[in-house]
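Engineer: Put chain F with the ligands on the given structure of chain W with help from the hints.
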Amino acid sequence: MLACLRKELFLRKTEFEKEKVETIYFGGGTPSVLNTDELDLLIDEVYRHYDVADAPEITLEANPDDLSRQKIEELAQSRVNRLSIGIQSFDDEDLKMMNRAHNAEEASFCIEYARKMGFDNISIDLIYGVPEMSTERWLKNINKALEYGVPHISSYALTVEPRTALEKLIEKGKVAPVNDELAQEHFNVLVEKLEEHGFIHYELSNFGKEGFFSRNNSAYWLGKKYIGIGPSAHSYDGRQRSWNIANNPKYIRALEKDEIPATFETLSAADRYNEYIMTGLRTIWGVSLRRVEEEFGRTCKEHLLKNSEKYLKEGLLSLNDQVLRTTQKGKFLSDGIASDLFLLNLRETGV
Amino acid sequence: MKHIRNFCIIAHIDHGKSTLADRLLDFTGSVTEREKQDQLLDNMDLERERGITIKSHAIQMEYEYNGEQYILNLIDTPGHVDFSYEVSRSIAACEGALLVVDAAQSIQAQTISNLYLALENDLEIIPVLNKVDLPSANPEEVTDDIVDLLGCDAEEVIPASAKTGIGIEDILSAIIERIPAPKGNPDESLQALIFDSVYNPFRGVETYFRVINGEITKGQKIKFLATDKTYFADEVGTLKLSQEPKKVIKTGDVGYLITGIKDAREVKVGDTITDAANPTSNMIEGFENVKPMVFAGIYPVDTEDYEELRASMEKLQLNDASLVFAPESSAALGFGFRCGFLGMLHLEIIQERLEREFDMTVITTVPNVSYHAFTKKEPENTIIVNNPSDLPDPSKLDRVEEPYIKATIITKSDFVGSVMSLCIEKRGEITNQTYLTPERVELSFDMPLAEIVFDFYDRLKTVSKGYASFDYSPIGMRASKLVKVDILINGNSVDALSALIHADNAQTIGKKMCEKLRALIPRQQFDIPIQAAIGAKIISRETIKALRKDVTAKCYGGDISRKRKLLEKQKKGKKRMRQVGNVEIPQQAFMAVLKLND
Ligand SMILES: Nc1nc2c(ncn2[C@@H]2O[C@H](COP(=O)(O)OP(=O)(O)OP(=O)(O)O)[C@@H](O)[C@H]2O)c(=O)[nH]1
Ligand SMILES: [Mg+2]
Chain W
1 MLACLRKELF
11 LRKTEFEKEK
21 VETIYFGGGT
31 PSVLNTDELD
41 LLIDEVYRHY
51 DVADAPEITL
61 EANPDDLSRQ
71 KIEELAQSRV
81 NRLSIGIQSF
91 DDEDLKMMNR
101 AHNAEEASFC
111 IEYARKMGFD
121 NISIDLIYGV
131 PEMSTERWLK
141 NINKALEYGV
151 PHISSYALTV
161 EPRTALEKLI
171 EKGKVAPVND
181 ELAQEHFNVL
191 VEKLEEHGFI
201 HYELSNFGKE
211 GFFSRNNSAY
221 WLGKKYIGIG
231 PSAHSYDGRQ
241 RSWNIANNPK
251 YIRALEKDEI
261 PATFETLSAA
271 DRYNEYIMTG
281 LRTIWGVSLR
291 RVEEEFGRTC
301 KEHLLKNSEK
311 YLKEGLLSLN
321 DQVLRTTQKG
331 KFLSDGIASD
341 LFLLNLRETG
351 V
Chain F
1 MKHIRNFCII
11 AHIDHGKSTL
21 ADRLLDFTGS
31 VTEREKQDQL
41 LDNMDLERER
51 GITIKSHAIQ
61 MEYEYNGEQY
71 ILNLIDTPGH
81 VDFSYEVSRS
91 IAACEGALLV
101 VDAAQSIQAQ
111 TISNLYLALE
121 NDLEIIPVLN
131 KVDLPSANPE
141 EVTDDIVDLL
151 GCDAEEVIPA
161 SAKTGIGIED
171 ILSAIIERIP
181 APKGNPDESL
191 QALIFDSVYN
201 PFRGVETYFR
211 VINGEITKGQ
221 KIKFLATDKT
231 YFADEVGTLK
241 LSQEPKKVIK
251 TGDVGYLITG
261 IKDAREVKVG
271 DTITDAANPT
281 SNMIEGFENV
291 KPMVFAGIYP
301 VDTEDYEELR
311 ASMEKLQLND
321 ASLVFAPESS
331 AALGFGFRCG
341 FLGMLHLEII
351 QERLEREFDM
361 TVITTVPNVS
371 YHAFTKKEPE
381 NTIIVNNPSD
391 LPDPSKLDRV
401 EEPYIKATII
411 TKSDFVGSVM
421 SLCIEKRGEI
431 TNQTYLTPER
441 VELSFDMPLA
451 EIVFDFYDRL
461 KTVSKGYASF
471 DYSPIGMRAS
481 KLVKVDILIN
491 GNSVDALSAL
501 IHADNAQTIG
511 KKMCEKLRAL
521 IPRQQFDIPI
531 QAAIGAKIIS
541 RETIKALRKD
551 VTAKCYGGDI
561 SRKRKLLEKQ
571 KKGKKRMRQV
581 GNVEIPQQAF
591 MAVLKLND
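If you read the sequences in order, they're chains W and F.
The opening position of the first sequence corresponds to residue 1 in my numbering, with each subsequent residue numbered one higher.
The opening position of the second sequence corresponds to residue 1 in my numbering, with each subsequent residue numbered one higher.
Honestly, the hints are just simulated from the structure, not real lab data.
Among these hints, one or two may not hold up.
Claimed, not checked - What follows is a set of in silico ranges between Cβ atoms, one per label pair, in the way DEER data are often shown: (1) Lys-313(W) with Pro-529(F): 19 to 29 Å; (2) Lys-313(W) with Ile-424(F): 46 to 56 Å; (3) Phe-526(F) with Gly-211(W): 54 to 64 Å.
This one's a predicted model, so the numbers in the text were calculated from it and none came from an experiment.
C-beta: ideal position from N, C-alpha, C; glycine also.
Same shape as in the complex, but just chain W (with noise of 0.2 Å):
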């Protein structure tokens, strides 16, 4: 598999031709199961095939129970200058309904240590809305996090998964299920604390100190290129998506022989504005009317514009030099608000 991926980034180095490289991440599935000389080696391929920029921002994901206290030495000592650690929550009883692989001993043991070791850039996912938790005891957990003082963090609300012991629990009624009135609690709770100690909430998802936003992430919301090597990775090229085979084998038979086994779809552009609704929706940079008439007419901005009124009216919308951009209010119905401000095609708006 290594010798696969280090072969899809020699052959698709002609993408990146005129492009710098600013981030690598290694994420998706277990990328820590990569010990530090394999991680190195993938590193130096991008930089022997690549133009990378000064001081690019190099993430690696993982789990507590992956970051021993010798992964993460180990790791201090690699070129990774990010961590993004799958935390969820620091309370055992949480993770038991996730059924998570680790405790929360593991997960408070591991920011600190990797603080400790030298790594000031740190995200830490974490999850609300999840049954039986209390508003007190979500922000116990927001709490904590403040406390390591990690400067950056993605929460997301749970999501009951099909087939998972979670669902099954929720079925049978001895789990309440999932509330959205406890989940926008959370979420109001969430972007209030962490405003006061001075994050910036970037994304409806994520939040960071100055200086401190991801990256690597920041661009897929603007739009930004990308190559994602590997079985079931996306990459986007400005027009086009593609995404590799999902199944391992396949992929390893398909870079055996010098191919790419990817999927191909070209964005029309009633599709890149749609994204760029979506995207910008839940991003602190917004849909700026300004970029919709230059890239898509006139008559598409103005065709936003008439749709957005009724959410600007209600308060779920703000316009402001000519961006519009989801409130506290209407963040937590961002995907209904979007795609009302879809087009099926440019010509509905009657150029």
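Structural biologist: Okay, now just chain F with the ligands, sitting in the frame of chain W:
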């Protein structure tokens, strides 16, 4: 002319008409191996999806019999009650009919009603005992049933299987031997009956006709008598699997005509085609006007599409002469049409065809039957109420009458009890009970039409485990206790959701309507109260809770296009909703409110 035979295939639903047509087409070599498929004549997508015939379909076969070449014009007809108008028009173009009876199910309600239609038009009836291959077939008994019904000899009944091909040759011989050749005078001026038509977006209106007298030639200048307009016959031909242009269509034969007419209103099914220079003086007696059983409003989802909807309905009407409509308007929905249908299936099919064939997304309002209302001021003056909003205010109302029908139900003796309780629940009164055989019973009821148009058919099927067939005919108006139940959504009365309901049921139905709407209207950003009211009195209330969370947490690289597609799908769904006040109501909610048992 003596070598032409015109006949239709009639039967109760599912007795095998279309499959029999397949076999006749095969046997006469009218279709190639490649063209063959089951129920070939059911060529509308809707027909294939639902496995039923909706439209009559004419097709011409050639067949050599005793050394002579014959032309056989066959019309396959639908069996469902809601499409009986198709049957009656087909019959008018024929001299004979194959009456198909399922050898396992025997005579059913529409066997009888379609037989009567054929007899009224003096058609020669050839009884066909179909599905003799079925293990459950009862050929002897069913033959006796047919003999009793027709008063014919047992030998005249042809045993057949449209599945295996038994009896097909005998049927073809009978068609030639027993059905009279068309009568008509080739030397007279042209006189042809338009029995069907269809709008073709490229070629304009295509009319299907049967020549009674004279003949029609390509290029001839012709005239439609009812509209008094003249045209050139740009193309005439016969109806094979596809159209086959011909120079002339002769006396007694069936064919199609294209004149380039683009305006659907210029063609009337039932009209007479004649020669423009030498017109006939007798107009063929056209078709009886259809009497719609159910009325509902049809509105464009997008108000701007009103004119396009009108044009689409006119075109659809060409191909479905039983559709009637007149403009109306609604406070909630704007401009639309009040339409009359032969039943709920018909209504559903019209809505579907508007969407599929004309790309019109429409809202259908709560259906109702046609009532008569009388005010205290003018107690003798009938006000026809086809729309709930036409019902006079209760304070001014003297009395209301509702249409009654005679329902004929044939079922197995085991189910008599449950069928009776169903009919009594539906305000029916039993008027007759006859044992056709020791196992088969015919029950007659006088019932309000309103009770049977909505869910009666499905309920009947359930209580009889499928062993009941049903037919009905109007028997006039009777006094009724009627109230108008209004629905308020977020405090605003939505006229398109009002329903006319018998007073005794108003409370229960009002409650069910609210529950149904609660389930159908998607949650929005605020609480939405739904109330049912009679006048100012609220009889039921439900609340749709506000939507608190409408966002998925994660939206990274690979999530983006998946999520975009999901939201695009939602967007498409929203385009099928109608904003009433500040609430979005899905298209299907309007009609679904009365389907209370789903
Ligand atoms: N076993 C058997 N099945 C048959 C025969 N004829 C028709 N069927 C089946 O009966 C069902 C109904 O056949 P259709 O030909 O569609 O019936 P229909 O009378 O045209 O139905 P409508 O047009 O909807 O009234 C189909 O599943 C046929 O395959 C037969 O002779 N034997
Ligand atoms: Mg059929």
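Engineer: Against the range 54 to 64 Å, how does the distance between the Cβ atoms of Phe-526(F) and Gly-211(W) compare: consistent or not?
Structural biologist: With a Cβ separation near 40 Å, Phe-526(F) and Gly-211(W) fall outside 54 to 64 Å, so the hint is violated.
Engineer: Is 46 to 56 Å respected by the C-beta to C-beta distance linking Lys-313(W) and Ile-424(F)?
Structural biologist: holds, 55 Å
Engineer: Given the hint of 19 to 29 Å, is the C-beta distance from Lys-313(W) to Pro-529(F) inside that range or not?
Structural biologist: With a Cβ separation near 21 Å, Lys-313(W) and Pro-529(F) satisfy 19 to 29 Å, so the hint holds.
In summary, the one numbered hint that this structure violates is 3.
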